[in-house]
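Take the sequences, apply the hints, and build the full model.
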Amino acid sequence: MSNAFARRFQLVIDQLAQGNRKQFAELTGKSASHIYKICRGISRPSMAYLESLYDNYRVDLNWLLTGEQSSSGQPAGIAQDKELVYAPMFDVQASAGMGAEVQAEDISDYFAFTRSFLSSQLGVSGEHLAFVSIQGESMEPTLFHGDRVLVDISRKLVSGEGLYLIHTEDGLMAKRLKPLKDNALQVTSDNSAYPSWVIHQHQLEQNPVVGRIVWCARTV
1 MSNAFARRFQ LVIDQLAQGN RKQFAELTGK SASHIYKICR GISRPSMAYL ESLYDNYRVD
61 LNWLLTGEQS SSGQPAGIAQ DKELVYAPMF DVQASAGMGA EVQAEDISDY FAFTRSFLSS
121 QLGVSGEHLA FVSIQGESME PTLFHGDRVL VDISRKLVSG EGLYLIHTED GLMAKRLKPL
181 KDNALQVTSD NSAYPSWVIH QHQLEQNPVV GRIVWCARTV
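Going by the working numbering, the first residue of the sequence shown is number 1, and it counts up by one from there.
FYI, nobody ran anything at the bench for these hints, they're computed from the structure. Please note that a few of the clues may not be correct.
As the list claims (entries may be wrong) - Okay, derived cross-link-like pairs now, DSSO-like style, lysine-lysine, Cα gap no bigger than 30 angstroms in a straight line:
1) K37 / K22
2) K178 / K156
3) K181 / K156
Please read these numbers as outputs of a predicted model, since none were measured by experiment.
Structure representation (C-alpha coordinates):
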(Lines of atoms letter the chains of each structure in order from A; the text may use other names.)
(Lines give C-alpha, C1' and ligand atoms only; values in the text may rest on other atoms or scores of the structure.)
Protein backbone atom coordinates (compact mmCIF):
# COMPACT_ATOMS: atom_id res chain seq x y z
CA MET A 1 0.00 0.00 0.00
CA SER A 2 1.42 3.37 -0.98
CA ASN A 3 2.61 6.04 1.42
CA ALA A 4 -0.03 8.35 -0.06
CA PHE A 5 -2.76 5.92 0.97
CA ALA A 6 -1.24 5.65 4.45
CA ARG A 7 -1.34 9.45 4.82
CA ARG A 8 -4.97 9.58 3.69
CA PHE A 9 -5.80 6.77 6.12
CA GLN A 10 -4.18 8.81 8.89
CA LEU A 11 -6.43 11.73 7.93
CA VAL A 12 -9.45 9.50 8.58
CA ILE A 13 -7.97 8.63 11.99
CA ASP A 14 -7.44 12.33 12.66
CA GLN A 15 -11.10 13.02 11.94
CA LEU A 16 -12.65 10.06 13.75
CA ALA A 17 -10.31 9.70 16.72
CA GLN A 18 -8.35 12.96 16.92
CA GLY A 19 -5.30 11.13 15.56
CA ASN A 20 -5.30 8.42 18.26
CA ARG A 21 -4.58 5.17 16.41
CA LYS A 22 -5.33 2.93 19.40
CA GLN A 23 -8.70 4.61 19.92
CA PHE A 24 -9.44 4.33 16.20
CA ALA A 25 -8.61 0.60 16.31
CA GLU A 26 -11.04 0.06 19.17
CA LEU A 27 -13.68 2.17 17.43
CA THR A 28 -13.49 0.21 14.18
CA GLY A 29 -12.95 -3.28 15.62
CA LYS A 30 -9.32 -3.83 14.64
CA SER A 31 -6.14 -4.49 16.58
CA ALA A 32 -3.93 -1.50 17.25
CA SER A 33 -0.96 -3.27 15.64
CA HIS A 34 -2.91 -3.70 12.38
CA ILE A 35 -3.81 -0.01 12.30
CA TYR A 36 -0.19 0.96 12.96
CA LYS A 37 0.95 -1.24 10.07
CA ILE A 38 -1.56 0.38 7.70
CA CYS A 39 -0.36 3.83 8.74
CA ARG A 40 3.23 2.78 8.07
CA GLY A 41 2.31 1.50 4.63
CA ILE A 42 3.29 -2.13 5.34
CA SER A 43 -0.18 -3.66 5.60
CA ARG A 44 -3.30 -3.54 3.43
CA PRO A 45 -6.84 -3.19 4.85
CA SER A 46 -9.36 -5.75 3.63
CA MET A 47 -12.24 -4.75 1.39
CA ALA A 48 -14.65 -5.85 4.13
CA TYR A 49 -12.97 -3.43 6.55
CA LEU A 50 -13.08 -0.59 4.02
CA GLU A 51 -16.77 -1.28 3.42
CA SER A 52 -17.39 -1.10 7.17
CA LEU A 53 -15.72 2.31 7.26
CA TYR A 54 -18.10 3.47 4.57
CA ASP A 55 -21.20 1.88 6.13
CA ASN A 56 -20.52 3.15 9.64
CA TYR A 57 -18.75 6.46 9.07
CA ARG A 58 -19.37 7.35 5.41
CA VAL A 59 -15.64 7.42 4.64
CA ASP A 60 -15.22 8.30 0.96
CA LEU A 61 -13.56 5.13 -0.34
CA ASN A 62 -12.85 6.61 -3.75
CA TRP A 63 -10.85 9.38 -2.11
CA LEU A 64 -9.19 6.98 0.32
CA LEU A 65 -8.04 4.63 -2.44
CA THR A 66 -7.24 7.09 -5.24
CA GLY A 67 -6.83 10.52 -3.65
CA GLU A 68 -9.59 12.03 -5.80
CA GLN A 69 -11.79 14.32 -3.76
CA SER A 70 -15.48 13.69 -3.32
CA SER A 71 -18.11 15.94 -4.85
CA SER A 72 -18.44 17.68 -1.49
CA GLY A 73 -14.97 19.13 -2.01
CA GLN A 74 -13.63 17.60 1.20
CA PRO A 75 -10.58 15.30 1.17
CA ALA A 76 -12.60 12.63 3.00
CA GLY A 77 -16.27 11.73 2.89
CA ILE A 78 -16.67 11.99 6.66
CA ALA A 79 -15.32 15.51 6.73
CA GLN A 80 -18.44 17.52 7.30
CA ASP A 81 -16.97 19.19 10.38
CA LYS A 82 -16.64 22.89 9.61
CA GLU A 83 -14.05 23.12 12.38
CA LEU A 84 -11.52 21.15 10.32
CA VAL A 85 -8.90 22.91 8.22
CA TYR A 86 -6.89 21.11 5.53
CA ALA A 87 -3.34 22.34 5.04
CA PRO A 88 -1.89 21.28 1.66
CA MET A 89 1.46 19.52 1.48
CA PHE A 90 3.41 20.98 -1.44
CA ASP A 91 5.76 18.84 -3.46
CA VAL A 92 8.72 21.13 -2.77
CA GLN A 93 11.61 21.07 -0.33
CA ALA A 94 12.94 24.00 1.67
CA SER A 95 16.67 23.78 2.02
CA ALA A 96 18.11 24.03 5.52
CA GLY A 97 21.51 24.08 3.87
CA MET A 98 22.85 26.25 1.09
CA GLY A 99 19.74 26.35 -1.07
CA ALA A 100 17.48 24.08 -3.08
CA GLU A 101 15.85 24.80 -6.41
CA VAL A 102 12.07 24.58 -6.47
CA GLN A 103 11.19 22.07 -9.17
CA ALA A 104 7.42 21.70 -8.64
CA GLU A 105 4.65 23.09 -6.49
CA ASP A 106 1.94 20.47 -6.88
CA ILE A 107 -0.09 19.50 -3.84
CA SER A 108 0.85 15.94 -2.84
CA ASP A 109 -1.47 15.54 0.16
CA TYR A 110 -3.43 17.29 2.92
CA PHE A 111 -3.09 17.44 6.70
CA ALA A 112 -6.14 18.04 8.89
CA PHE A 113 -6.24 20.39 11.88
CA THR A 114 -9.06 21.74 14.00
CA ARG A 115 -9.51 25.50 13.98
CA SER A 116 -9.41 25.51 17.79
CA PHE A 117 -5.97 23.84 17.81
CA LEU A 118 -4.59 26.26 15.24
CA SER A 119 -5.95 29.25 17.14
CA SER A 120 -5.13 28.23 20.72
CA GLN A 121 -1.84 26.39 20.17
CA LEU A 122 -0.30 28.06 17.13
CA GLY A 123 -1.99 31.45 17.02
CA VAL A 124 -2.97 31.16 13.34
CA SER A 125 -6.32 31.28 11.59
CA GLY A 126 -5.88 28.35 9.24
CA GLU A 127 -6.79 30.24 6.09
CA HIS A 128 -3.27 30.57 4.64
CA LEU A 129 -1.30 27.49 5.64
CA ALA A 130 0.95 25.09 3.76
CA PHE A 131 3.35 22.24 4.51
CA VAL A 132 6.80 21.84 2.95
CA SER A 133 9.63 19.41 3.69
CA ILE A 134 13.01 20.40 5.10
CA GLN A 135 16.19 19.41 3.32
CA GLY A 136 19.64 19.65 4.88
CA GLU A 137 21.12 20.18 8.33
CA SER A 138 21.80 23.89 8.73
CA MET A 139 18.83 24.40 11.10
CA GLU A 140 19.70 21.55 13.47
CA PRO A 141 18.93 21.03 16.29
CA THR A 142 15.72 22.98 15.66
CA LEU A 143 14.79 21.44 12.31
CA PHE A 144 16.09 18.19 10.83
CA HIS A 145 16.30 16.80 7.32
CA GLY A 146 12.90 15.30 6.44
CA ASP A 147 10.89 17.39 8.90
CA ARG A 148 7.63 18.81 7.59
CA VAL A 149 7.01 22.39 8.60
CA LEU A 150 3.70 24.22 8.67
CA VAL A 151 4.04 27.70 7.20
CA ASP A 152 1.65 30.62 7.68
CA ILE A 153 2.07 32.27 4.29
CA SER A 154 0.09 35.32 5.41
CA ARG A 155 2.95 36.33 7.75
CA LYS A 156 5.50 37.80 5.38
CA LEU A 157 6.41 40.77 7.57
CA VAL A 158 9.28 39.97 9.97
CA SER A 159 8.34 41.90 13.10
CA GLY A 160 10.41 39.80 15.49
CA GLU A 161 12.97 37.00 15.44
CA GLY A 162 11.57 33.69 14.23
CA LEU A 163 11.77 30.85 11.72
CA TYR A 164 10.73 31.74 8.18
CA LEU A 165 10.80 30.48 4.63
CA ILE A 166 12.56 32.78 2.20
CA HIS A 167 13.20 32.73 -1.54
CA THR A 168 16.81 33.33 -2.51
CA GLU A 169 18.74 33.08 -5.75
CA ASP A 170 19.70 29.57 -4.60
CA GLY A 171 16.11 28.48 -4.02
CA LEU A 172 13.70 28.11 -1.11
CA MET A 173 15.29 28.20 2.35
CA ALA A 174 14.22 27.71 5.96
CA LYS A 175 16.14 30.17 8.15
CA ARG A 176 15.97 32.20 11.32
CA LEU A 177 15.25 35.85 10.49
CA LYS A 178 15.74 38.89 12.68
CA PRO A 179 14.79 42.47 11.72
CA LEU A 180 17.59 45.04 11.71
CA LYS A 181 17.74 48.78 11.21
CA ASP A 182 16.80 50.26 7.83
CA ASN A 183 14.41 47.35 7.12
CA ALA A 184 17.26 44.86 6.69
CA LEU A 185 17.02 41.20 7.78
CA GLN A 186 19.66 39.08 9.46
CA VAL A 187 19.58 35.51 8.15
CA THR A 188 20.94 32.91 10.59
CA SER A 189 21.32 29.14 10.66
CA ASP A 190 20.83 27.39 14.01
CA ASN A 191 23.74 25.11 13.10
CA SER A 192 26.80 27.26 13.86
CA ALA A 193 28.79 25.53 11.09
CA TYR A 194 26.79 27.53 8.53
CA PRO A 195 27.34 31.25 7.87
CA SER A 196 24.91 34.08 8.53
CA TRP A 197 24.27 37.00 6.21
CA VAL A 198 22.18 40.15 5.86
CA ILE A 199 19.45 40.90 3.33
CA HIS A 200 19.42 44.66 2.85
CA GLN A 201 16.29 46.61 2.01
CA HIS A 202 17.12 46.89 -1.69
CA GLN A 203 17.56 43.10 -1.84
CA LEU A 204 14.18 42.19 -0.31
CA GLU A 205 12.37 42.12 -3.63
CA GLN A 206 14.79 39.48 -4.93
CA ASN A 207 14.73 37.59 -1.59
CA PRO A 208 11.06 37.68 -0.51
CA VAL A 209 9.79 36.18 2.72
CA VAL A 210 7.35 33.36 1.92
CA GLY A 211 5.89 32.96 5.40
CA ARG A 212 6.56 32.12 9.03
CA ILE A 213 7.15 28.55 10.21
CA VAL A 214 4.70 27.89 13.04
CA TRP A 215 4.82 24.10 13.58
CA CYS A 216 6.90 21.05 12.76
CA ALA A 217 5.93 17.41 12.13
CA ARG A 218 8.64 14.78 12.57
CA THR A 219 8.80 11.01 12.19
CA VAL A 220 10.09 9.23 15.30
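Evaluation of the provided hints:
| no. | hint | in the structure |
| --- | --- | --- |
| 1 | K37 / K22 | 12 angstroms, holds |
| 2 | K178 / K156 | 13 angstroms, holds |
| 3 | K181 / K156 | 17 angstroms, holds |
Checked against the numbered hints given earlier, this structure breaks none of them.
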